[in-house]
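According to my numbering, the sequence shown is numbered sequentially starting from 850.
Derived by calculation from the structure, the hints in this document are not laboratory data. Errors might be hidden in some of the hints.
Using 25 Å as the maximum straight-line C-alpha spacing, the simulated DMTMM-like pairs for lysine to aspartate or glutamate come out as follows [what the hints assert, rightly or not]:
id, residue 1, residue 2
1, Lys998, Glu1024
2, Lys922, Glu1061
3, Lys922, Glu1001
4, Lys941, Glu926
5, Lys1010, Glu1020
6, Lys941, Glu1008
7, Lys1010, Asp923
8, Lys941, Glu1001
9, Lys1074, Glu1096
10, Lys941, Glu921
11, Lys1010, Glu1061
12, Lys1074, Asp1059
13, Lys1105, Asp1051
14, Lys1074, Glu1024
15, Lys1105, Glu1001
16, Lys1105, Glu921
17, Lys922, Glu1044
18, Lys922, Asp1059
19, Lys941, Glu1020
20, Lys940, Asp1037
21, Lys940, Glu930
22, Lys922, Asp1037
23, Lys1010, Asp903
24, Lys940, Asp903
25, Lys998, Glu930
26, Lys1010, Asp995
27, Lys998, Glu1013
28, Lys1105, Asp903
29, Lys998, Glu933
30, Lys1010, Glu939
31, Lys1105, Asp935
32, Lys1074, Glu1044
33, Lys940, Glu1024
34, Lys1010, Glu1072
35, Lys1010, Asp1059
36, Lys941, Glu1024
37, Lys941, Glu930
38, Lys940, Glu921
None of these values were measured; they are calculated from a predicted model.
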Amino acid sequence: MFVKKCLHRSLLTAWMTFTFIGMVAQLQAQTDTSSVSADLAADSLTPVDINILDYLPPLPVLIDSAMRHAPEKDYYEALIESAEYDVVIEKKGWAKDIRFVAGYNWSYGNQVIIQGISTGGNQINEGYNYGVGLTIPLSSWYGRNDRIKRAEAIMESQEAKYNEAERQVRERVIETYNELLLLQRLLDIISEAKESSRLISDMAEERFRDGELSLDQLGQTAELKARYASEYEQLRTQFSNAYTRLERLVGVPFSKFKFTKYTK
């Protein structure tokens, strides 16, 4: 009787264990299916399925647009204009310290008394005295050429800064453009590796259920799948950031250009 109860209890435990394993396997299969569907849905929204060159104008067009919309350009253009006015002011500044002086007065007096000379009579003078004078400080001329040269040198330095700002804008556009193309190529590569690791992981799970792989070996395939998935997401984020950064450098949305395949 005791043997029958033990046998019955063992069969019941085995049946419950088998049922639990079956439920776990079914749940895991459903999870894998959902994961695959999610991966496919995510892939349909990534730059892997598109050619970024279809969405971008030619590089010279991007550079030209960035030059026209760069805030640095407006800033240095204003500085150059201000420096040009300074040169004109210095060239005309020679007359700013010149002074004209004019005046008159009325006088009356006996010249004999004034001069102290006795001539035996009186000499009365009465009348107005007029005078005109011109003052020209030497400082208006001395060093004038040096002041003009200094103003011209400041203007040339602003022009050099303007050219440097243009060069930096051009280099940033080229660098971001090439970075975007590189990231798309890397995304194509990592996408294939990600898909391969997913297939390997699925096969490893089947072999693990069949007892052909150990738990450590299954963990290695899962780790490989997670690593490629993480690298893929990082590259996709970098791609999105580079795309947005290039669009901001250009100054207008890419859809506004007439050179793109998907122009609105």
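Verification of the supplied hints:
Taken as a hint, the Lys998 and Glu1024 pair is broken in the structure, with Cα atoms around 38 Å apart against an allowance of 25 Å. With a C-alpha separation of about 67 Å, the suggested pairing of Lys922 with Glu1061 is violated against the 25 Å cut-off. Simply put, Lys922 and Glu1001 have alpha-carbon atoms about 20 Å apart, close enough for the 25 Å limit, and the pair holds. Restraint check: the Cα-Cα separation between Lys941 and Glu926 comes to about 23 Å, which is no more than 25 Å; the hinted pair holds.
Between Lys1010 and Glu1020 the alpha-carbon distance is near 15 Å, which keeps this suggested pair within the 25 Å criterion. Proximity of Lys941 to Glu1008 is assessed by CA-CA distance (about 22 Å); at most 25 Å being required, the pair is judged to hold. With a CA separation close to 12 Å, the supplied pair Lys1010 and Asp923 stays within the 25 Å bound. With a CA separation close to 14 Å, the supplied pair Lys941 and Glu1001 stays within the 25 Å bound.
Distance check on the hinted pair: Lys1074 and Glu1096 sit about 33 Å apart at the alpha-carbon level, beyond 25 Å; violated. Between Lys941 and Glu921 the alpha-carbon distance is near 31 Å, which puts this suggested pair outside the 25 Å criterion. Restraint check: the Cα-Cα separation between Lys1010 and Glu1061 comes to about 69 Å, which exceeds 25 Å; the hinted pair is violated. Between Lys1074 and Asp1059 the CA atoms are separated by roughly 21 Å; this keeps the pair inside 25 Å, and the hint holds.
Under the criterion of a C-alpha separation no larger than 25 Å, the hint pairing Lys1105 with Asp1051 is inconsistent with the structure, at around 45 Å. Distance restraint check for Lys1074 and Glu1024: the Cα-Cα separation of roughly 32 Å exceeds the 25 Å cut-off, and the hinted pair is therefore not satisfied. Between Lys1105 and Glu1001 the CA atoms are separated by roughly 41 Å; this puts the pair beyond 25 Å, and the hint is violated. Only pairs whose Cα atoms come within 25 Å are accepted, and Lys1105 paired with Glu921 is accepted, the gap being roughly 23 Å.
For the hint pairing Lys922 with Glu1044, the CA-to-CA distance comes to about 47 Å; that exceeds 25 Å, so the pair is violated. Distance hint between Lys922 and Asp1059 is unfulfilled; the C-alpha atoms sit about 68 Å from each other, more than 25 Å. Restraint check: the Cα-Cα separation between Lys941 and Glu1020 comes to about 41 Å, which exceeds 25 Å; the hinted pair is violated. This hinted pair does not check out: Lys940 and Asp1037 have alpha carbons roughly 64 Å apart, beyond 25 Å.
A hinted pair counts as satisfied when its Cα atoms are at most 25 Å apart, and Lys940 with Glu930 qualifies at roughly 16 Å. Restraint check for Lys922 and Asp1037: not satisfied, since their Cα atoms lie roughly 37 Å apart, outside the 25 Å limit. About 35 Å separates the Cα atoms of Lys1010 and Asp903, which puts this hinted pair outside 25 Å; it is violated. Note on Lys940 and Asp903: the hinted pairing is violated, with a Cα-Cα distance of about 55 Å set against a maximum of 25 Å.
Of the supplied pair hints, the one linking Lys998 and Glu930 holds, its CA atoms being roughly 16 Å apart against a limit of 25 Å. Of the supplied pair hints, the one linking Lys1010 and Asp995 holds, its CA atoms being roughly 23 Å apart against a limit of 25 Å. Annotation: proposed proximity of Lys998 to Glu1013 holds, straight-line Cα distance about 22 Å (limit 25 Å). Straight-line distance between C-alpha atoms of Lys1105 and Asp903 comes to about 14 Å, which keeps the hinted pair within the 25 Å bound.
Only pairs whose Cα atoms come within 25 Å are accepted, and Lys998 paired with Glu933 is accepted, the gap being roughly 12 Å. Among the hinted pairs, Lys1010 with Glu939 is consistent with the structure: their alpha-carbon atoms are about 22 Å apart, no more than 25 Å. At most 25 Å may separate the alpha-carbon atoms for a hinted pair to count; Lys1105 and Asp935 exceed this at roughly 40 Å. Our distance criterion of 25 Å between C-alpha atoms is met by Lys1074 and Glu1044, whose separation comes to about 9 Å.
With a C-alpha separation of about 44 Å, the suggested pairing of Lys940 with Glu1024 is violated against the 25 Å cut-off. The suggested pairing of Lys1010 with Glu1072 is violated, with an alpha-carbon distance near 52 Å, which exceeds 25 Å. Restraint check for Lys1010 and Asp1059: the C-alpha separation of about 71 Å exceeds 25 Å, so the hint is violated. At roughly 46 Å between alpha-carbon atoms, Lys941 and Glu1024 are farther apart than 25 Å, so this suggested pair is violated.
Of the supplied pair hints, the one linking Lys941 and Glu930 holds, its CA atoms being roughly 17 Å apart against a limit of 25 Å. This hinted pair does not check out: Lys940 and Glu921 have alpha carbons roughly 29 Å apart, beyond 25 Å.
Hints 1, 2, 9, 10, 11, 13, 14, 15, 17, 18, 19, 20, 22, 23, 24, 31, 33, 34, 35, 36, 38, counting from the list given before, are not met by this structure.
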